[in-house]
Every structure is written in structure tokens, then in C-alpha cells.
Amino acid sequence: MIRARYVAVRRFSLVRLLLVLGAAFVGVGLIWVVATNLDRLAPLARFLLVAAIWLSLLVGSEVLAARRGIGDERRSPALGAARLLAALAFGAVVFQAAQSLQVPAYEPRLLGVWGLGALVQAYAVRGLMPLLLGIGVASGWYVWQVAESADSALGFVAAVLTGGVVISALALLHRSSWLRGAGLPRSFEVAWREAGALLVLVGLFAAALPHLDAHGFRWSASLVAGLALGAVSMAAAVAGVDDRWSRLELLVPVVALVIGSGLVLWDAGIEDVRYLSGAAYAKVVVGVLVYLATAAWFAVLGVLRDSTRLTVIAALALVVFTTVQAFAVFAPIVSGATLFLVVGGVLVVSGFTVDRGRRQLTRAVEAGAP
Amino acid sequence: MTARPVRATLGVVAAVQLALVGVAVAGPLSARVTGEEYLLKVLPVDPVDPFRGAYVSLSYPTLHVPAGQDDTGGSPVAPGETGPVFVPLVRDGAHWVGGPGTRTRPGSGPYLRCDDSSWTLRCGIESWFLPQDRAVEVQDAVVRGDAVARVRVDGRGNAALVGLEVSPAG
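Protein sequence lines, in the order shown, are assigned to chains A and B.
Quick note on this note's numbering: the first sequence kicks off at 1 and runs consecutively.
Quick note on this note's numbering: the second sequence kicks off at 1001 and runs consecutively.
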């Protein structure tokens, strides 16, 4: 009874890190063993061996959860690591099956199957670690699939931002009236939200690079399917939430998708950043302003939703974006000393603005508004 | 969770995940189990897949998709058009070669179900995975031009590479 209420977070954070890292290394090692193609074993024997390891890990992790009466990874770092290992081992099964049957190399569908399997495990056992792996692998699959078939920088940007829309909508679905009674851990909603924000920031980061264009772009079935899924999940989330902050949370990724794709489609004739035309300057400035506004929004959202990680992700994204833009775009235009002064000034002002906004928002939230 | 729900949950998770593995490899699995075998000439390319290791990448000089009419009942391939394409197999001595591709499924077989959306025609038989130390050796042998792929093809055009036969150097 007492143990059920006990949440050991800080005390065991190092243990958690070691266990998760260890599980990740062992899981990746298992996939690597598959990649070494041990031909002393027949292909079917190799598949059965890897499948037996996966099944043992899957059953073992849930036996661990049931025996200790834990069922929650926050109370047992070992449980999270064991579930992560089982989810990684499922990837090894997928790749071993594909290798045994000589499925052609670089097939994105295999990542999709792995990600989907990890998500099935996550929701069946309420496991956060398989969920994180599943979101990451499934996102990787979708971007790869669309970018490969679209054959253009616009395809990559559109895929990442569409993924951001879908995942952000899924995050909101977890707090909507549809799923509120399903008994899902709050950490699931947080994980989807952080992943959605990360994709939106990565997509806008790429869209703001001045040299990217839509050359060679062609629509693909996977991109259309992603947009359709985004529309459906958005509609479901809108219908299931009733506060304006949640609706704004849904709107930002959609606006990012539109503006990000628009930036790549905007042919400002940039060939050499040392000689920018008026239109080219406008494109660069719009890209920077949109990125700064979006990162600031996610920093604020982190405070609103009590997600320190989201605020940290937004702040880090801001620093990386400012630095890359400064050196890739503005360095050829201004001298080294000016560049450092400008970059330093922008970072200090950004940090000060974000911190000030965070304090004000925290006070507002603590005071009961919004 | 009590023991019974845990067992049921695990059973469902394992069954769904295994079904997903089946979906991932459905084409080549069907070809291996239900297909007929054909011999095709191959040329090599090379490299490593990060998840499955070393492989020899193969191209098929006798498989191509020329635009034009065909006599298998399918609609012809229009110039500039890409997507799923069906390539009929025609016997040429000891081996099989590709006939004119069609966008619709031919009325009779054998044929390969391919896709020409990317830079090369992909029929699901372009990679031969093997240990790193043997990849170079096999590739060298394939470069000599005497390699033959043993391929199984089912009634729907799904293909699986089941063997790579290389004549000894000499």
C-alpha cells in the first residue's frame, strides 16, 4: 500500500539512466547481431532464435511488472528498461525475418512495422519506454517513406511537419473526452506532445534554410495519407477538447505546416547568400521570425502543461537554430566580430524574453488563470 | 493486472506483433511458399544496410520496362509514367528474361510485380544478404557476369530471391 504511493524519482535517476542506456545498448546489439548475418545457422533457425529471445523478453518484462505489483515504470526503472529491451528485440525479429527472406535493402516499410509493433506493446501494457521507441521509429519511417517517394526537399519538410500535425493531435486526443476515461498514463500525452513539438521544430528548421526548394517534388500516396490522417485526428481532437489553449495547441502545428511548405515553395532566387535580393532577404527574415515565434510558443506550452522537457527542447532548438542561421546564412554577409556580437545579442535577448515570459506565465497559472 | 489478464494481454501483443512481421515480409514469404522457380542473369552493385548488414545489390539486365504494346492482355506503359508495373517473364534458353511491362496485371503468368517510381526498377529481388567477409568475394564473382539469381514467383507476381548461383573463377 505504502509502496504503491511511493514515487522514487530523483533518488533513482542515475539508476534509471544506467538501466535505460544498458537496455538500449543490448537491444541495438541484438539488431547488430542480426546484421552480421550469422550464416552458420540456417535462415529459419536464426529467425526462430531471435523470435525466442524477443518472446522471452516480452514475457519476462510483464512477469516482472506483475510479480512486484508495480505495473508502472515510474516506480521501477528496471521495468522500463525491460520493456524497452523487448520493444528493441521486436525490431530484431522484423529485420531477421526480412533478412532471412532477402527482402530488398533500405525498405522503409520494415521501420513502420517495428514502430507499429512497439506502439501496440506500449498501449497494451501501458509502457512508456516502448511508446517513446514506437513514436521515434514510426516518425522515422514516415519521413523516410515520404521523402523517398516525393524525391524533393519539399517532400522532407512536408513529411516532418505533417508528422508534427498528426502527433500533436494525438497528444491532445489523450486529454480529450474520447480518451480521458481510458486510464492511460499522463506520461503518454506528454510524450506525444514533446515528439510533436520536436517534429514541428525540425521541419521549420529545414524550411528556413535558404537553399531548399521544391524542385522535383511530386505528390505521393503516403504524404496524402498522412495529411488525411492529420485532418481526421485534428477534427477528433477539436471535438474532444473544450479550452482555447488546447485549440491553440492544435492550430500551431497546422500553421507551421502551411508556412513551412510555403517557405520551401517560395522561390526567391537565392543562389549565393552574399548577394541577396530584396525577396531573398524577406524569405530569410520570415523564416527566422516564424521559427523564433514557434520555439517561443512551445516554451510557453511547456510551462502551461507542466512539461519542463518541452521548454528545454524549445530553448535548445532556439539556440541551435540561431547558431546555424548565423553561421550558414549571415556569416558571409557580416564580419566575424559583428557576427559574434549579433549572435550573442540575439541569444541573450531570446533567453531573457523566454525566461521573463515563463515567469509571468508561471505566476498567471499559479494565480488560477488562464 | 492479475495473472489471467497479463497472460491474455501478452498473448494479444505477441500475436499482433507476429502478424505485423508477417505483413512486413508477406510478398517474399508468399513467393517462397507458393511460387515457381526461375533463373535470371544478374549484375552486382554492393553496400551495407544499417539494420541487416552486408549485401550484394543486384541489377537485372534482362528486366526492363520498354513502353509499347504487349501481347499479355495488360495496358501498355506510357512514356514518362511511373508506379506499379508488371513484367512478364519469357523463357530464353536456360534463363528467363523480362518482356514489355504493363500497368495492369497480365491475364496469364509468369510475371513479376515491380515498381519503377525510383531511379531503378524494383521487383523485390535486388538484394542478396550475406556475411561481410563473403560479400566482397561474391560481388567479385558476380562482376565477372556469370551469376544467376534463383527466384521464386507466386501467382500474384510477388518474387523472392532464394539463391545466387555463381560459376567458379576461371
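Misleading hints may appear alongside valid ones.
Beta-carbon label-pair distances, calculated as ranges [stated by the list, open to error]:
hint	chain 1	residue 1	chain 2	residue 2	range
1	A	Ser56	B	Gly1022	47 to 53 Å
2	B	Glu1037	A	Leu41	22 to 28 Å
3	A	Thr362	B	Trp1119	52 to 58 Å
Quick caveat, the hints were computed from the structure, so don't treat them as lab data.
Think of the CB as a built atom: it goes at the ideal place given N, C-alpha and C, for glycine as much as any other residue.
Each hint tested on the structure:
1. A:Ser56 <-> B:Gly1022: 47 to 53 Å: 20 Å, violated
2. B:Glu1037 <-> A:Leu41: 22 to 28 Å: Cβ of Glu1037 of chain B to Cβ of Leu41 of chain A: about 24 Å, so the range 22 to 28 Å holds.
3. A:Thr362 <-> B:Trp1119: 52 to 58 Å: Hint holds: Cβ distance 53 Å, inside 52 to 58 Å.
This entry does not satisfy hint 1, going by the numbered hints stated previously; all others are met.
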